[in-house]
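Please model the entire structure based on the sequences and the hints provided.
There are 4 protein chains.
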Amino acid sequence: MKRIGVLTSGGDAPGMNAAVRAIVRKGIYHGLEVYGINQGYNGLIHGNIQKLEAGSVGDIIQRGGTILQSARSEEFKTPEGQQKGIEQLKKHGIEALVVIGGDGSYQGAKKLTEQGFNCIGVPGTIDNDIPGTDFTIGFDTALNTVLDAIDKIRDTASSHERTFIIEVMGRNAGDIALWSGLAGGAESIIVPEENFEMKDVVERLQQGTKRGKRHSIIIVAEGVMSGNQFAEELKKAGVTGDTRVSVLGHIQRGGSPTAFDRVLASRLGARAVELLLEGKGGRAVGIQNNQLVDHDILEILGQPHTIDKNMYRLSKELSI
Amino acid sequence: MKRIGVLTSGGDAPGMNAAVRAIVRKGIYHGLEVYGINQGYNGLIHGNIQKLEAGSVGDIIQRGGTILQSARSEEFKTPEGQQKGIEQLKKHGIEALVVIGGDGSYQGAKKLTEQGFNCIGVPGTIDNDIPGTDFTIGFDTALNTVLDAIDKIRDTASSHERTFIIEVMGRNAGDIALWSGLAGGAESIIVPEENFEMKDVVERLQQGTKRGKRHSIIIVAEGVMSGNQFAEELKKAGVTGDTRVSVLGHIQRGGSPTAFDRVLASRLGARAVELLLEGKGGRAVGIQNNQLVDHDILEILGQPHTIDKNMYRLSKELSI
Amino acid sequence: MKRIGVLTSGGDAPGMNAAVRAIVRKGIYHGLEVYGINQGYNGLIHGNIQKLEAGSVGDIIQRGGTILQSARSEEFKTPEGQQKGIEQLKKHGIEALVVIGGDGSYQGAKKLTEQGFNCIGVPGTIDNDIPGTDFTIGFDTALNTVLDAIDKIRDTASSHERTFIIEVMGRNAGDIALWSGLAGGAESIIVPEENFEMKDVVERLQQGTKRGKRHSIIIVAEGVMSGNQFAEELKKAGVTGDTRVSVLGHIQRGGSPTAFDRVLASRLGARAVELLLEGKGGRAVGIQNNQLVDHDILEILGQPHTIDKNMYRLSKELSI
Amino acid sequence: MKRIGVLTSGGDAPGMNAAVRAIVRKGIYHGLEVYGINQGYNGLIHGNIQKLEAGSVGDIIQRGGTILQSARSEEFKTPEGQQKGIEQLKKHGIEALVVIGGDGSYQGAKKLTEQGFNCIGVPGTIDNDIPGTDFTIGFDTALNTVLDAIDKIRDTASSHERTFIIEVMGRNAGDIALWSGLAGGAESIIVPEENFEMKDVVERLQQGTKRGKRHSIIIVAEGVMSGNQFAEELKKAGVTGDTRVSVLGHIQRGGSPTAFDRVLASRLGARAVELLLEGKGGRAVGIQNNQLVDHDILEILGQPHTIDKNMYRLSKELSI
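Residue numbers (the working numbering), protein chains in the order written: chain A, 1 to 320; chain B, 1 to 320; chain C, 1 to 320; chain D, 1 to 320.
Okay, derived cross-link-like pairs now, DSS-like style, lysine-lysine, Cα gap no bigger than 25 Å in a straight line:
id	chain 1	residue 1	chain 2	residue 2
1	B	Lys-51	D	Lys-213
2	A	Lys-280	A	Lys-2
3	B	Lys-280	D	Lys-309
4	D	Lys-280	B	Lys-309
5	A	Lys-213	C	Lys-51
6	B	Lys-51	D	Lys-210
If you want the footprint, here are the derived chain D segments under chain B, 3+ residues with CB under 8 Å:
id	segment
7	137-146
8	203-214
Honestly, the hints are just simulated from the structure, not real lab data.
Don't be surprised by glycine CBs; every beta carbon is placed ideally from N, CA and C.
Structural data, given as structure tokens:
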């Protein structure tokens, strides 16, 4: 192994830069050359590739987004596109590729692996929905961004005795909603992984009012329905008070990564390089039970996402 | 003058608590008793009033929202409602009232003044649209919240080479849009006070792309149109790239007030009490040309809001 | 079990309020009465105790510090002091006590347990040095505060081509230094758990300069030596450039807790109540390998603290 | 006028990059070429100069520090050094120079002006101590950094019933202390511009304790004495409680600039270019009474700094 490549793909996530930095520096430290592929699989197909030095990744550990940029590529979903990508890699003498991204990015890594090109997947997405890891890079930062928004909205909700419905990201996963809702003291948390009854939501609101609560906050994961739709359903269920909807949107993807995300990104990025140095490929790295792990990338994809049921239950008990 | 009252009204704004604290402490320091009216004019009508001590306003200077809460009151718009309010004030021996709020709150203060009850208006709103002051309490905090969102969104916009349309608050005023857009390096800023041509917006986008910009950010004041509507118009005008809309919403009202807002709130709140101690009423305090000022509240309302045209022009020159 | 108590003790840590909230609400949810003891063991001895309701802990999950306050108590270190404390608990009908705090607080809980009074320890300290848990409540928030300071100082260091020595907290443990240093991209990290050679530090500085780095940041854990002492040693070792020292100090203990800390505090606080409901006492709760655990509080104390050697090594590899 | 230069000098301040961006873009917009001089007057002497394009200052408006770097230069204080600088400027065809910095930087600009080279001074320093402007670039950001620290320390102070002495920057000026102390609700604020009696400080502490305050915060400007020295004096004056000192240090210079600082920097930077386009030189720009102004740089220096006495008095009235 002499030369490896790295790319970021899919939705950007805070900490991707910290992962890129770790891969580049760890590689160089162990005598490898590291090449950056810009604009994800799209840039791979088009040979948008340059060598990275230790200094190329200086002063980026604290930056949101990804210096390698990201892009969609329909072409790469085809075998021809994948073949073009592999040719570009070979042309540049790149022997293995580290892919940082979410579900779709892993699909690409899987395809390359199936076609015989060594790939390592590093889980980078705010959604926390990648199999084989308890936490993805970016999740902790997004959580704290959402939490900051909840804290701000509570100021207003409390001043006006309002109910707020806050729609948060997460694609089909409820982790952002569950964690931020528990941390933000939300009255109700609606996630795709658990059924809910609107009458329970209403009951909780009424209990809160009875107990003298000055505000109610309901967190709705985008994977269930939109915040506006939820507001309509709530109205249909007979809630007549002053209800507002806030859709947090893209602020959830940005921002300087938290300590947790930078450390996680550094460790996972470095672990990916270690695997390559050990001659392994077709693996997805992760952290499980607080230990660095790696799994077969071909086997891991498609495993259903679950949430922590105890935490879900706890959120109900603590918002009385 | 022995006893004064204070209430907050309308949309809450960061720094209202700092103003309440200043009014209470300044009053007590000069031998007055200060009563807090909860829930705005609605609470006034219903006698939701209690005495505040120096300690009642301890540890609130840093909190968003308003400990006195706010509420709408249709009843107070009627002469009967106003009379009820005055009766409550007299019943509690309150001789003058400080009202912290925006345009609607000032209307109430004007009504009370017209009916012979001494009122002082303190400008508290994030919108920066109150006549008689260059800055309102809450504007600076809201600006920084918006700016933080712009910075976060730029991370994502830059990683994906996207155009982002960000809808910000401000009611009929463009100050939040203009200041945050200038501070955030936005490519275009759309405000109610200035006409815009969609073809100019498009041209700026194209120039940016030609020059190699990796992202474009357009700030749209809610007083012009919604972010989604703007996105549609942009599409109609032929912009075909990856465009996203972010509606910042209620996070703009919350958060711990900035240094500027806390100092402004402290100074204006204290000035209001000074005016009452000097036997004046029917005034609106403000800061103009960096000096504390006060105007006749009856005369000041209805003056049209303007933005700084030089700043608007500058924003165009700097976003090349 | 009908009635339980809760106190916070030792240095305050962000998330203590979230833990108090969880204990109170979880207890009430399961039919218990919960009493708060103010000012730690000192307040316990003097009977500074009051009943807490669900509403007593509303709107505190986001607040730093501890609403129950904390205090030192020399008296409680004596058997007589402990006996007085137990008498107060019995007088109030309190059957078990949850203690939130660090090492010293656990010592108190151990004493009470030895004297036959049921205690559960909840690890609350920024230092991350409590045996039986991978993470303590407050550690993640402190980390992010330190990281924010490092990011700010790097702006200045980079503008002036300076070396900065940053002294961080942690008592005898190096976790804050190690994690913040890795996350902050520090050139050297000095922790009590690992020996260091000043000539290695100097060499790393020189390599950095040679490679064109515009700044160098050295994190020194207070458990090793003070930042000023380290600066002197560095000077003795021949480093002559523009070196500055920053002692972060007490800002590290404050601030609104992060999502991670609020969730951890909520889970551990609730788990403490569950143990009491199960009739268990003399336990210390924690999180290990991402699972909630509990250990015998008598056995756990005194176990030596270790740091993650792989992370320490990684920090050297990534700061080339 | 065809070609202008820009440099940053002295201690770095948040917003310097926004000013550099404004100068470059405003210049280019009006047909000028703009050259950046790296590392202040030191780089000027050594010809460390390169051309800046619109894209060179992209994505820097939000960054702390200064991309042009700063450095001390003893040589530039001599007429020979100044002559070397002017030769470098002429060699590069630069006809006028914009200097962003504090007092020392202005001295350099004055010297160049006296030697016949057109300079414009832009006030960039966190200390807010430059004559001819009500606010300097960086002051507002530093204020908010200090305020954030005060808020954090209050959490701890309140939890432990402690007195905290916080030493803040400002060189010989008390503005950071006064504004942050007023905004932070400090019990006492010690500034160089006003005498203080230690017995008044003690009395205020005692009154606070009597009234039930759980904490006391004293802000000491570094221009008066160090925090540690103040603690000793306080002890000598008989204060025996639990007193802690926090020296905020260099975090005050860093961080992403606030909205206020970015807007101010943009406006002042642009104004400097306008003056040059109008053929003026030897001016210092500023904002006074909320209007952009400019003064003769030769006359303005040496004017004594004053603080707002009303604000100082107010801080005493509000901290009862």
